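Chemist: Put chain V on the given structure of chain Y with help from the hints.
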Amino acid sequence: MTTKLFGEPVRRREDARLITGRGRYLDDIGAGALAAAFVRSPHAHARIVDVDVDAALDVEGLVAIYTYEDLTGPLAEPLPVLIPHPQLHAPRTGYPLANGEVNHVGEPVVMVVATDRYVAEDAAERIAVTYEELPAVVGVDAARAAQHAVHEEIPDNVAARHHQETGDVEPALAASPRTLSFTQYVERSACMPLEGKGVHARWDADDRSLRVHTSTQASTSVRAAIAAKLQLSLDEVEVVAPDVGGGFGVKIVHPWPEELLVPMAAIALGREVKWTEDRREHFISSAHERQQRQEVSVGFDDDGRITALDVHVWHDNGAYTPYGIIVPIVTATQLVGPYVIPVYRVVVESVYTNTVIVTPYRGAGRPQGCFAMERTMDRIADALGLDRAVVRERNLIQPDQFPYDHHLTFQDGRPVIYDSGDYPALLGKLTALVGWDGVDALRDDAEARGKLLGVGMALYVEGTGPGPYEGGHVQVLGSGKVLVSTGLTTQGQGHETSFAQIVASELGVPIEDVEVTTGDTRRFPYAVGTFASRAAVMSGNAIALAARGVRVKALRIAADVLEADPGDLEIEDGVVQVRGTPGASIPLRTVAVLSNPLRYAFDEAAKQATQFATHDDTKPPVAEGDAPGLEHRDYYSPLRSTFASGAHAAVVEIDPATWEIDVVTYAVVHDCGNVVNPMIVEGQVHGGVAQGVGGALYERMAYDSDGQLQNASFMDFLMPYASEVPDIVIDHQQTPSPLNPLGIKGAGEAGVIPGSAALASAIEDAVGRRITSMPISPTELYDLMRSETAERTAASGRRTGVDA
Amino acid sequence: MKPAPFRYADPRSVSEALEVLAAEEGATVLAGGQSLLPLLSMRLAAPTTLVDLNRVPGLDAVEVTGDGVRVGALVRHAGLLADRAAARVQPLLARATANVAHPAIRNRGTTVGSIAHADPSGEMTSVLALTGGSVAVAAPSGSGTVGWRDLFVGPLETSLPAAAVVTSAFFPALPPRSGTAFAEVARRKGDYAVCGAGVVVTLDEDRRVAAVRASYVSVGLVPEVHDLTEAVAGAPVEKADWAAAGALARTLVEPDGDLHASADYRRLLVGVLTERTLTEAAAEAAERTP
Chain Y
1 MTTKLFGEPV RRREDARLIT GRGRYLDDIG AGALAAAFVR SPHAHARIVD VDVDAALDVE
61 GLVAIYTYED LTGPLAEPLP VLIPHPQLHA PRTGYPLANG EVNHVGEPVV MVVATDRYVA
121 EDAAERIAVT YEELPAVVGV DAARAAQHAV HEEIPDNVAA RHHQETGDVE PALAASPRTL
181 SFTQYVERSA CMPLEGKGVH ARWDADDRSL RVHTSTQAST SVRAAIAAKL QLSLDEVEVV
241 APDVGGGFGV KIVHPWPEEL LVPMAAIALG REVKWTEDRR EHFISSAHER QQRQEVSVGF
301 DDDGRITALD VHVWHDNGAY TPYGIIVPIV TATQLVGPYV IPVYRVVVES VYTNTVIVTP
361 YRGAGRPQGC FAMERTMDRI ADALGLDRAV VRERNLIQPD QFPYDHHLTF QDGRPVIYDS
421 GDYPALLGKL TALVGWDGVD ALRDDAEARG KLLGVGMALY VEGTGPGPYE GGHVQVLGSG
481 KVLVSTGLTT QGQGHETSFA QIVASELGVP IEDVEVTTGD TRRFPYAVGT FASRAAVMSG
541 NAIALAARGV RVKALRIAAD VLEADPGDLE IEDGVVQVRG TPGASIPLRT VAVLSNPLRY
601 AFDEAAKQAT QFATHDDTKP PVAEGDAPGL EHRDYYSPLR STFASGAHAA VVEIDPATWE
661 IDVVTYAVVH DCGNVVNPMI VEGQVHGGVA QGVGGALYER MAYDSDGQLQ NASFMDFLMP
721 YASEVPDIVI DHQQTPSPLN PLGIKGAGEA GVIPGSAALA SAIEDAVGRR ITSMPISPTE
781 LYDLMRSETA ERTAASGRRT GVDA
Chain V
1 MKPAPFRYAD PRSVSEALEV LAAEEGATVL AGGQSLLPLL SMRLAAPTTL VDLNRVPGLD
61 AVEVTGDGVR VGALVRHAGL LADRAAARVQ PLLARATANV AHPAIRNRGT TVGSIAHADP
121 SGEMTSVLAL TGGSVAVAAP SGSGTVGWRD LFVGPLETSL PAAAVVTSAF FPALPPRSGT
181 AFAEVARRKG DYAVCGAGVV VTLDEDRRVA AVRASYVSVG LVPEVHDLTE AVAGAPVEKA
241 DWAAAGALAR TLVEPDGDLH ASADYRRLLV GVLTERTLTE AAAEAAERTP
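For the record, the sequence lines run as chains Y and V.
For the first sequence, position 586 (counting from the first letter as 1) is numbered 586 according to the numbering used here, and the numbering increases by one without interruption.
For the second sequence, position 205 (counting from the first letter as 1) is numbered 205 according to the numbering used here, and the numbering increases by one without interruption.
Same shape as in the complex, but just chain V:
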């Protein structure tokens, strides 16, 4: 379990990183390394060059505005989890990040790295989708923004070219009169979820359910957002039938089975976690609705 030989570059700027990535075929970006290094050690990945971003200045900030939260490429999960300002603007960030692995991994792993890794078992890919977020991408051809829907192509696969650096991720703020919740079932505490659910409930001014969206972890090949509004649309928040929303969710997802859960069991959990998280999110939405 020792990596195959690779070259190592530690650029001091994004442009320098892009130069190396463009020049060396098979080069890949290293940030927190919590997914990449095990793949190297098991020789499941053998990049020619690791382009280590850790010495690039300016990538480690969490910027919070009224519009949302921008998370730099070197922000660790633990940093985002502890950021109270970010949690106020978009509570899902801390709620989901708390479910990312164990403290040791959260101390090293980065939120943006986990998004760029595009693992459908990752919490933050799902949260990016649910919040309607995007990533800022620097490439030799120029910089730009890629929305979540265009970003995720398949498991561990994004639409980004090889010579590109995701410099930050942007999570829009929680809309008014809305509440969120996040929950997981994992085999052991801190494991990848067997199934996770993040939800957003938005009410109208009369405290009736206006919109319900959900996104799941470890369900499907890429993160998706499911609109569950129709199951509860117009219901007064106290009387909404969240079980019906859970039942609807079960019909919308296409989970796969693996060693730890059958597809049927995952579908069961989608229903249960949807109902439970919606109940919680609705209470928060009600609190935030005068």
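Next comes chain Y alone, as it looks inside the complex:
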């Protein structure tokens, strides 16, 4: 194949469109649509006593007001628990509009539809809701203390107690030469896509068809949910994800209340209706992630080898559990990272709080697991006076141990068996890349400039590409265009490019001829969605299989025409030819025409396939078992997830006068198996690192004790700017996955996972005080440095010759 683009840094073909304003995002659709706005709860926990809409009724331009009382049938029932699990013993979900009680600030209570969004907000402002406030439970510790309950009938606030163990941990700890126990915290952050959510719905009453555009990561499942909740037949509903300005997990949750209510109103009113989420709505009524309290006990020997690990996590799941316990499971199972843990027990208690729901945000529980494991490694090194890289190295799974079975059950219900990897090589590349062994010289140099320098590292293994399946459809048209579609959705990852590369390589066509469509249920109705770093693994492989199917058929038809053996044919640059026989060739577009036997010559090319142009009258025009058209549909369904891996290191310089933290070097070694497009993979790593740095040093959800979010704007929620994201140096390693045809592993979430762990380690190394909670800001670091109870690291004592 000369059209071999797999593995090449092809420039993203969608960028010119997206960055010159020619994208078509949700709010670009339906300029004349009615607008919806919502009255949302101002209280974290309250009973609704009364909803008085009278004052809103005389707002000119008001079209409709909906409260819970207006919901009928399945719409009046709670929203679905998307991923049930036997250990989720007390699941709760909200209603599309609050039914008598609100459990977090921002929960929708009333929907207003008006001629435009301004008018809708004018009317919403005049609706008076009377609440009887109830005590608010805010933060994982308050939930755990259970002085108050979020849901009255769940007095301990525990939604789920997720428990896995690989042996008898207590005797193993007791038998360990050394043990350590500690507690640490991770704060809330959120996905914060630049485009918030949004829904547009159009009902065609004559056709009885509903077309919904939604800024989603799961259009096929949104379609099914709308059909179920609005009691429509599936064939009456189309759902399309237009260009989506980022997802990072929050848009995999569905159906959001608005995804049901906007179509409901469009049908009821017979008008197009649109809702575009604003930033404040996104902060207080979409989803957050990450808050956990972690209690870790580890047993190890004098060389730093772990003998037993016992982890108890309290996970804040917010007010409801629509996404089940996926995040707790991911934390529990991904915590073990690239290490051999002889005996492991983990319990994650997922607890309710009167705050925004917690669902996967890029990394989805992995950053917390990584934080627990990697900070454990740091503590072991500190206790033994060993280099942190050495302790990690001694605990690594070795290359000859694959497939490596952790004897845990992953988020897809399948075993955690690492398919391939080379962790010692990864660590070796990392220490070389960051200059680990030369850090003392850097430290001295920084000290001479009045700065405190520290270095930290963190390793991770990431289960990617979980099933159940994705599909791909590839069709060659008579024009030579190759149409590719897959059901999963795109939020800016460059799928148009990477999927086209796969097809160009598999089929032997110029990439310019390949057109990719994602997330449109009209084109491909079977799909799961974009999450868990699965698009390239799942749809990439499905599309490759579909392209291979097309190739087989093309060669068969061309072989007939060329009177050659299909085995002697190759496809290059869109032309099928007999290998080594110049002139014996047929364009693929002609093969496409011939693949569809015709009666009518609707255009010039079609003449070749009409009934008097073909001569073989010994068999039917379409052979038994065959189908007209040069197309193929195929599916990829993996046995289990494939496990990518990586290692990050950060060098920080801290100003001991202002306690400002500057990340001066950020090094990444990354292994996602075979790479479709290294430029796109690096872009994914960069974006992930930016969010990792954000979560470590800048972002938090600042809830007060009443459950009011104090920083619900981009002024006070400190997403890092380009100026705060360090330059990133990247090295690659490729250990192909044996589980899928292309040998690839997911890359989407990797960059974010080790950020907090590596930066906490670096800051701790610089200041000599134990960092037990992330994120950390300069004002907090100042408090830590002044605190008389803050623990000093043994390493700092050794460095200064003073015992800790």
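If you are wondering where the hints come from, they were derived from the structure by calculation, not from laboratory data.
Hints are supplied without guarantee of correctness; some may be wrong.
Said to hold, decoys possible - Simulated crosslink set (EDC-like; lysine to aspartate or glutamate; CA at most 16 Å straight-line): (1) V:K189 with Y:D716; (2) Y:K451 with Y:D662; (3) V:K2 with Y:D278.
Stated by the list, open to error - Not close to chain Y: a few residues of chain V, all C-beta gaps over 12 Å, as computed: (4) S41; (5) V89; (6) R208; (7) A244; (8) A261.
Keep in mind that this is a model prediction, so the values were computed, not measured.
No residue lacks a Cβ here, since even glycine has one placed at the ideal position from N, Cα and C.
Modeler: Below, chain V without anything else, positioned relative to chain Y:
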């Protein structure tokens, strides 16, 4: 996040603007809109009428004389930042303006608007105070000048009547044998400062420290000028103990805590930034002292 309904007026003269402001209760002036429009969108402010000054001629000039710099009501931060003549007469202007938000905001936001907004987190309120500046105010009752000390009443609050237009701000020139510096600590580049410091050091003819003044950003409810002279008075400029001036400053300020910084942390930064900016300003003062 859509504003409540409001009327819009785009007068072509200051007097016309004043007529609308006087006639319509709850009317407010729009210049660059960088603070006002977000407040409208979040419905934290709901003026009945926006009186847009942008079509009033004659308000967009930076006038530089030996006495100082007069900045018209429609001069954008970016315009002032780029004005070399203004920077020569009063270097603090460019040094502070460089810290105002991001280029996109500086291109639209106005220096005078930011002063009239009276946000203690704004750089230019502090610079007006430190330089001993004033604003020119037009009101239905007549025009006049209001000194910085009389202007700022509280956070986002000035002494001006509702029906008034600040037509310009005047920043006196840097005195002879003086140097200035401005520095901030912000959580992210371009954010409101967690703490900012502007200083002026003036030497006597023998290159001894004669006067030291400082003003801070995001510290206290209104801009204040702190006289730090006593910590270093009479010291030869090369030997002055700027750390002592920083320590004095820490005792004079009354910062509050918020989401991004505790009061203690702000006080720490006041000391650090005072020492650092004074060191820099003293070097400049020494250069400017024969």
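Chemist: Next, verify each hint and record whether it holds.
Modeler: Consistency of the hints with the structure:
Of the supplied pair hints, the one linking V:K189 and Y:D716 holds, its CA atoms being roughly 13 Å apart against a limit of 16 Å. At roughly 10 Å between alpha-carbon atoms, Y:K451 and Y:D662 fall within 16 Å of each other, so this suggested pair holds. Between V:K2 and Y:D278, the direct Cα distance comes to roughly 9 Å. Compliance with the 16 Å bound is thereby established for this hinted pair. Some Cβ of chain Y comes within 12 Å of the Cβ of V:S41; the nearest lies about 8 Å off, and the non-interface call is violated.
Taking the minimum C-beta to C-beta distance to chain Y, about 31 Å, the non-interface status of V:V89 holds against the 12 Å cut. Every C-beta of chain Y lies more than 12 Å from that of V:R208, the closest at about 27 Å, which supports listing it as non-interface. Consistency note on V:A244: stated as away from chain Y, and its beta-carbon is indeed over 12 Å from all of that chain's, at 15 Å minimum. At the 12 Å boundary, the C-beta of V:A261 falls inside the reach of chain Y, the nearest C-beta of that chain being 5 Å off.
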